[in-house]
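There are 2 protein chains.
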Amino acid sequence: MITSADNDKLKTIRKLRQKHWREKLGVFVAEGEDLVNAAERAGWEPEFVLRAGRDVDPGLLDGVSALGSGTRVIGVYEQRWSEPGGRLMVWLYAVEDPGNVGTVIRSAHGLCDGPVVLGPGCADPYSSKAVRASMGSVFARPPARAAFHELPGWRIALDAHAEQDVRGMELGDRAVVCAGAERRGLPGEVLAAADAVARIPLRADGPDSLNVAMAATVALYEVGNRMAAHA
Amino acid sequence: MITSADNDKLKTIRKLRQKHWREKLGVFVAEGEDLVNAAERAGWEPEFVLRAGRDVDPGLLDGVSALGSGTRVIGVYEQRWSEPGGRLMVWLYAVEDPGNVGTVIRSAHGLCDGPVVLGPGCADPYSSKAVRASMGSVFARPPARAAFHELPGWRIALDAHAEQDVRGMELGDRAVVCAGAERRGLPGEVLAAADAVARIPLRADGPDSLNVAMAATVALYEVGNRMAAHA
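Chains as they are written, first to last, in my numbering: chain A, 1 to 231; chain B, 1 to 231.
Treat the hints loosely; a few may be bogus.
Treat identical chains as interchangeable: a pair holds within one or across any two.
In silico BS3-like cross-links for lysine-lysine, where the CA-CA straight-line distance does not exceed 30 Å [what the hints assert, rightly or not]: (1) Lys129 with Lys15; (2) Lys129 with Lys19; (3) Lys129 with Lys24; (4) Lys19 with Lys9; (5) Lys129 with Lys9.
Derived by calculation from the structure, the hints in this document are not laboratory data.
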């Protein structure tokens, strides 16, 4: 039973709040029963797991928690990275909000067979906030990393100003939904190189665009349905 | 030019971080050019607006900011509440995360003609985080408040365990998409009283459910498209 805040495992957990340390050590923290159970269901062996009152004094575990008081379990796991693949996947560009990255990982786990592929400038999917937003889907479907030109398949760039909407779009056998940052969207060179550019149909009196996680999710839903109908 | 932190307007802004004060005063804060511009576009007269360097010392404005340093403008507005209405709207039950509430307000503004109707236990749509997540849609389409039994139209309850999926569902002339809290979903009495219970179709090897804002958005997209096709 760990009874000192000087313990190496507790120090590691504290360090892993920083991206710098997550990259250096190649591991990350999952906090709470739901996430630790999701890791187990997906067959991930933890580096270590600390349970309050069994492995560690509860107050000390709270002290390294990113959530605040009441944490009962924290697990530390090795980061895994997939390769782009599957019939349908999603590519994110400069999505800086870790909650959005984690939420899209969860949506993709439900709506397509490929991973979320992170392009330049995205939030770390292994940050505490992204892991939590993924609700454990990060274990079932680890993210990939790739530049736009490395993506296989028919690349559909989402753009609020596109003429075509996602319901009318031509589709290939394999597709990648590409979604860009809040406000700036995808860069011009991606729009120019994409196989299709399409928008989510929104009301004329509506907002300019949806939140990026919403747009990616709706596009995965639509494209996935249409691919299934044509399969 | 305000040069003292004791100024009444600055004190009001500080108080409005608390729901208690927002309810008591019936006003709320919008921070940043984008939101203040969205209010203006929607024709909302502010109670007051403070611009850094013009109306107030920049350091003092930063001091009352919910975002931290660099704030250039803060506006205070009277809260407005819509009535349930329109052909398609969304009802939220116990959605406690203000980011989710604000994001659904933005999605509804883009995908349906009715407001977001808040049922019991939802986060305050006029909290700073919800207003920000709405990206200004809270001005264009103020939320409503109602209990489930007060909702007009065909009430579609989203439930991850429903047999029917949203693509096959019968629709009325008017519809309300009803979405419940993360984890717990909608309560049994709502599922029992709803006109239809449906799920978002997810992969068998996927997560149990989508994030509530994603589920509501996908359902609005699907139901809206189907209603337009049958109109």
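Give the relationship of Lys129 and Lys19 under a CA distance limit of 30 Å: within one copy only, between copies only, both, or neither. Both. Shortest intra-copy (12 Å) and inter-copy (24 Å) distances satisfy the 30 Å Cα cut-off.
Go through the copies and call it for Lys19 and Lys9: within, between, both or neither, with a Cα cutoff of 30 Å. Classified as within; 17 Å inside a copy, 39 Å across copies.
Classify it for me, Lys129 with Lys24: is the Cα-Cα distance of at most 30 Å met within a copy, between copies, both or neither? Classified as within: same-chain Cα gap 19 Å, cross-chain 33 Å, threshold 30 Å.
Within a copy, between copies, both or neither: where do Lys129 and Lys9 come within 30 Å Cα-Cα? Within. Shortest intra-copy distance 20 Å satisfies the 30 Å Cα cut-off; inter-copy 34 Å does not.
Indicate which option fits the pair Lys129, Lys15 if close means a Cα-Cα distance not exceeding 30 Å: within, between, both or neither. both (15 Å within a copy, 28 Å between copies)
Checked against the numbered hints above, the structure breaks none of them.
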